[in-house]
Amino acid sequence: MNVEINLLPEEFRPRAPVETRTLLVIVLVLALAVGCYFLYQAKSNAKAEIADLEKNIAAVNQQIDTITRDAQGLTNSISTLKTVTRSYESFVASKITWGDALARVQSHKPSGVALGGLTQKGNTLEIQGTAGGTSSSFSGVTSYGRALDGDTKFTLAGWPTLKSATFSLTIKVAPGGGR
Amino acid sequence: MIELLRQNIRLVAVIAVVVLLLVVNIFFLLQWQSAEGDRAKVEDNWKLVDTNLRLARAQYDLDALQAQKDQLSAKPQFPSELPIVDLITYVANGAPRLGVIITEVKPSASAGSETIGGRAYSAYKTQVTVTGTLSNITSFLKYIEGGPFNGIRIEDVSLSGSGQSWQGKFTIVVITQ
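Chains as they are written, first to last, in the numbering used here: chain A, 32 to 210; chain B, 11 to 187.
Keep in mind that the hints were calculated from the coordinates and are not lab data.
Treat the numbers as computed from the prediction; the structure is a model and nothing was measured.
Mixed in with the good hints, there may be bad ones.
Derived DEER-like restraints, expressed as beta-carbon distance ranges [as the list claims (entries may be wrong)]:
#1 186(B) - 206(A): 20 to 28 Å
#2 97(A) - 100(B): 41 to 49 Å
#3 157(B) - 88(A): 55 to 63 Å
#4 100(B) - 113(A): 26 to 34 Å
#5 46(A) - 43(B): 39 to 47 Å
#6 111(B) - 103(A): 49 to 57 Å
#7 67(B) - 188(A): 58 to 66 Å
#8 19(B) - 34(A): 22 to 30 Å
#9 71(A) - 57(B): 27 to 35 Å
#10 113(A) - 145(B): 36 to 44 Å
#11 128(B) - 79(A): 52 to 60 Å
#12 111(B) - 113(A): 38 to 46 Å
C-beta atoms are modelled at their ideal positions from N, C-alpha and C, and glycine is treated no differently.
Use the sequences and the hints to build the structure in full.
Laid out in structure tokens, this is it:
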């Protein structure tokens with residue numbers, strides 16, 4: 032049995048070389064530690080990307096909601112405006128401008144006929160007055176009736192009446208001409 | 011056994027560290043895989059939402075809708091409220107100009123309702139009595155009907171008289187939304 036005696040103090044003694052096995056263990060530990068770091072980083076990156084995407088999704092969803100809400104609001108407004116516009120057009124189309132109608136009634140009046148009353152009810156207008164007072168009275172009234180009926184805005188409704196030079200004519204007035 | 015472990019305490023420590031690191035690695039690996047799975051789902055969701063946004067933009071052309079609304083708003087329509095001050099001023103100013111005298115103005119106690127084009131509107135009626143010549147009363151009616159007010163109608167016209175002395179009764183109806 033050999034006994035190796037080394038009398039050199041410990042600090043002067045050469046260091047024993049690191050064993051390959053120890054080196055492998057160190058490398059393994061380092062590799063595992065690095066693996067830990069990269070896996071943690073990868074997980075964190077994935078989570079961060081998820082958070083970003085979720086934020087973007089929420090923003091886009093809000094955008095979709097805004098578009099839908101705005102569109103719905105506009106569609107409702109358009110629908111209401113369409114109804115209102117249609118109503119107004121209907122109102123104008125069915126309106127009779129009585130100022131114009133009465134002016135035309137007067138413009139067709141032949142000489143010898145005097146007006147005494149004009150009464151409107153719906154789209155009819157009753158014209159009352161006096162005509163001459165002679166045998167030509169009725170011809171004056173019929174002449175007036177013909178002139179009125181010849182106007183595109185008027186239609187004579189029935190026979191004119193005449194009694195002691197007082198006549199009555201009823202005409203229907205066509206709508207339109209309103210604003 | 012314990013003695014053996016004591017003698018190889020370094021080895022035990024190294025094994026423990028390696029095992030611990032392996033466990034942590036597996037833990038992070040599982041978490042990363044789970045996160046990757048979640049990310050794939052969220053990415054699918056993002057694609058869906060992005061498609062929905064494009065569809066919503068295609069379906070609802072807000073500019074076109076706004077243009078349509080503006081176009082409709084520009085069309086004449088019934089006033090939103092009774093233009094009372096402007097109307098009475100207009101009528102009052104017109105009477106002397108056209109040579110008629112307003113002798114009575116009788117507004118209805120309350121607004122009525124009128125259905126026009128399938129929708130109900132408020133109808134304010136005011137009965138007016140005037141005197142003047144037939145021609146002047148007729149001009150006055152034309153003046154009111156031709157005024158700057160939408161939704162005005164004259165009804166129940168009744169004129170009577172002779173020569174230069176006539177009395178006219180009529181109702182001014184104002185339709186408002």
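Do the hints match the structure? See the list:
With their beta carbons about 21 Å apart, residue 186(B) and residue 206(A) fall inside the hinted range of 20 to 28 Å. The hint said 41 to 49 Å for the Cβ distance between residue 97(A) and residue 100(B), and at roughly 44 Å that hint holds. The hinted range of 55 to 63 Å is satisfied by residue 157(B) and residue 88(A), whose Cβ atoms lie roughly 58 Å apart. Taking 26 to 34 Å as the suggested C-beta distance range, the pair residue 100(B) and residue 113(A) conforms, at roughly 30 Å.
Taking 39 to 47 Å as the suggested C-beta distance range, the pair residue 46(A) and residue 43(B) conforms, at roughly 45 Å. As the Cβ distance of residue 111(B) to residue 103(A) is approximately 55 Å, the hint placing it in 49 to 57 Å holds. Our hint of 58 to 66 Å for residue 67(B) and residue 188(A) holds, since their Cβ atoms are close to 60 Å apart. For residue 19(B) and residue 34(A), the Cβ-Cβ distance of about 28 Å falls inside the hinted range of 22 to 30 Å, so the restraint holds.
In this structure, residue 71(A) and residue 57(B) meet the distance hint of 27 to 35 Å, their C-beta atoms being roughly 28 Å apart. Against the hinted window of 36 to 44 Å, the Cβ-Cβ separation of residue 113(A) and residue 145(B) comes to about 42 Å, which satisfies the hint. In this structure, residue 128(B) and residue 79(A) meet the distance hint of 52 to 60 Å, their C-beta atoms being roughly 58 Å apart. The supplied range of 38 to 46 Å is met by residue 111(B) and residue 113(A), whose beta-carbon atoms lie about 44 Å from each other.
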